[in-house]
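The task is simple: from the sequences and hints, build the whole structure.
Start counting the sequence shown at 1; every next residue gets the next number (our numbering).
If you're looking for bench data, these hints aren't it; they were derived computationally from the structure. Do not rely on the hints blindly, as some may be mistaken.
Stated by the list, open to error - With a straight-line Cα cutoff of 30 Å, these simulated DSS-like cross-link-like pairs (lysine-lysine) come out:
#	residue 1	residue 2
1	178	128
2	98	178
3	128	47
4	128	49
5	98	171
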Amino acid sequence: MGMREMTISQFLDKLASAEPTPGGGSAAALSGAMAAALASMVARLSKGKGGDDAGFERSAQAADRSKTWLTDLAGEDARAFDAVLRAMRLPRTSDDEKRARQAAVQRALHGAAEVPLRVMRRVVDVLKVLPDLARTGNPNAVSDVAVGALLAYAAAHGALHNVRINLASIKDETFAAKLRADAEALGEEAARLRDATMTAVRERM
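See below:
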């Protein structure tokens with residue numbers, strides 16, 4: 001059953017089980033999806049009140065796309081780590097088997113590191129719309145913007161930790177250095193956007 005087909009209770013029960021997937025990566029992606037949903041809601045609640053309705057609609061549609069992508073990435077994250085586990089279970093009796101297993105593990109780890117980086121990019125896209133929503137959106141929904149910012153920050157930094165843990169086992173130093181630099185930069189941007197949003201929220205409460 002895919003992420004889209006699960007009820008909230010089913011996902012939480014699966015998350016709480018002894019199975020390794022879904023895990024923190026999927027939880028981070030879905031936290032980002034919830035942040036995107038809140039951004040969409042606030043943007044739509046802000047229309048028709050004398051503000052920039054076209055801008056609010058653009059924000060809502062952008063957040064809707066991010067919500068869809070992040071929901072899908074929650075499933076991709078679980079599948080990527082399942083691929084790592086399958087590779088690690090490959091036979092390693094002969095030298096050929098050992099080499100084949102090592103190559104398969106490295107390929108799978110590359111994928112497992114790339115998915116949370118994609119989560120971070122999408123979450124930063126969500127965070128980019130929140131400061132303006134906090135400043136100009138419906139004042140009755142400013143607390144929803146705050147929740148969205150905090151969820152999105154948790155999603156970004158949760159995904160950052162998943163990038164880091166997968167990179168620790170990757171032997172391609174050039175690949176690892178590039179992903180690490182990209183992830184750390186996105187983590188810093190997420191923190192900056194969260195802070196900008198929360199400052200705007202406090203000014204309106």
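Now the hints, each set against the structure:
1. 178 - 128: Holds, at roughly 23 Å.
2. 98 - 178: 27 Å, holds
3. 128 - 47: 19 Å, holds
4. 128 - 49: It holds: about 22 Å lies between the C-alpha atoms, which stays within 30 Å.
5. 98 - 171: At roughly 15 Å apart (the allowed maximum being 30 Å), residue 171 and residue 98 satisfy the hint.
Of the numbered hints listed earlier, not one is contradicted by the structure.
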